[in-house]
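Asker: Sequences listed follow chains Z and H, in order. Heads up, the first sequence is in our numbering, so the first residue is 1 and it goes up one at a time. Heads up, the second sequence is in our numbering, so the first residue is 1001 and it goes up one at a time.
Keep in mind that the hints were calculated from the coordinates and are not lab data. Treat the hints with care, since some could be wrong.
[To be verified] Here are some chain Z residues pointing at chain H (derived, C-beta under 7 angstroms):
#1 Ser99
#2 Gly101
#3 Gly103
[Claimed, not checked] As a list, the in silico DSBU-like pairs of lysine-lysine whose alpha-carbon atoms are at most 30 angstroms apart:
#4 H:Lys1073 / Z:Lys41
#5 H:Lys1112 / Z:Lys66
#6 Z:Lys55 / Z:Lys20
[Said to hold, decoys possible] Here are a few chain Z residues that sit away from chain H, every Cβ distance over 10 angstroms (derived from the structure):
#7 Gln29
#8 Phe34
#9 Tyr58
#10 Gly61
Built from N, CA and C at the ideal position, the CB exists for glycine as well.
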Amino acid sequence: GAVVSQHPSWVICKSGTSVKIECRSLDFQATTMFWYRQFPKQSLMLMATSNEGSKATYEQGVEKDKFLINHASLTLSTLTVTSAHPEDSSFYICSARESQGIGEQYFGPGTRLTVT
Amino acid sequence: AQKITQTQPGMFVQEKEAVTLDCTYDTSDPSYGLFWYKQPSSGEMIFLIYQGSYDQQNATEGRYSLNFQKARKSANLVISASQLGDSAMYFCAMSLTSGTYKYIFGTGTRLKVLA
Chain Z
1 GAVVSQHPSW VICKSGTSVK IECRSLDFQA TTMFWYRQFP KQSLMLMATS NEGSKATYEQ
61 GVEKDKFLIN HASLTLSTLT VTSAHPEDSS FYICSARESQ GIGEQYFGPG TRLTVT
Chain H
1001 AQKITQTQPG MFVQEKEAVT LDCTYDTSDP SYGLFWYKQP SSGEMIFLIY QGSYDQQNAT
1061 EGRYSLNFQK ARKSANLVIS ASQLGDSAMY FCAMSLTSGT YKYIFGTGTR LKVLA
């Protein structure tokens, strides 16, 4: 089946530093990748949609300069949290979909970010 | 506007019994897909079952079945013979089969299976 990896699985960083999270589709080409944020006991909140070679489309209320998304290839998308602050602490999940099929998104295992 | 509603924040079920998790949706688009995912405490999203808007029959995957009532815009998940390992958060999601195919998620239902 389609596998999506995320790295790192967890990260602790100091306030003011930047953190990069990688999302890779391991056995398929992902034309579209999605980035979600999830707070404890809440649903997934879509942050942005990225297509390979194009600028990401951010959801309303998501700061583009704070959450930089790059989709450099058909198998890799990155999310960089710039100048992280404690309120950015959250669980970040990426997903990817192929160009064919029913539109199913394959999810990565998630990255837990803690900003101290 | 598209919307997914899950009205049960939490559910309990006895082991080996069946349980139904509710999901209603709202869209004016005739072409869409409905998905159910399980999220255990580890955080991974596990795909359970899919129903397309044009599918005539209800989807089934092992112990999971989807009770699709198009006129009522409902897509309830039925888990038969519940197991302790079924304890998790369950999300219903809708994808419009046009544009970016982005998901609209419900708020989720936390299921606890009792021994």
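Asker: Against this structure, judge whether each hint is valid.
Answerer: Hints, verified against the model:
1. Restraint check, Ser99 of chain Z versus chain H: the minimum CB separation of about 10 angstroms is more than 7 angstroms; hint violated.
2. About 10 angstroms separates the beta-carbon of Gly101 of chain Z from the nearest beta-carbon of chain H, more than 7 angstroms, and the hint is not met.
3. For the restraint placing Gly103 of chain Z at the interface with chain H, the shortest Cβ-Cβ distance is roughly 4 angstroms, inside the 7 angstroms limit, so the hint holds.
4. A hinted pair counts as satisfied when its Cα atoms are at most 30 angstroms apart, and Lys1073 of chain H with Lys41 of chain Z qualifies at roughly 26 angstroms.
5. With a CA separation close to 37 angstroms, the supplied pair Lys1112 of chain H and Lys66 of chain Z exceeds the 30 angstroms bound.
6. A hinted pair counts as satisfied when its Cα atoms are at most 30 angstroms apart, and Lys55 of chain Z with Lys20 of chain Z qualifies at roughly 17 angstroms.
7. Its beta-carbon lying about 15 angstroms from the closest one in chain H, Gln29 of chain Z satisfies the requirement of being farther than 10 angstroms from that chain.
8. Remark: the non-interface label on Phe34 of chain Z conflicts with the geometry, its nearest Cβ contact in chain H lying 6 angstroms away (cut-off 10 angstroms).
9. The beta carbon of Tyr58 of chain Z is kept farther than 10 angstroms from every beta carbon of chain H, the shortest such distance being approximately 12 angstroms.
10. Its beta-carbon lying about 15 angstroms from the closest one in chain H, Gly61 of chain Z satisfies the requirement of being farther than 10 angstroms from that chain.
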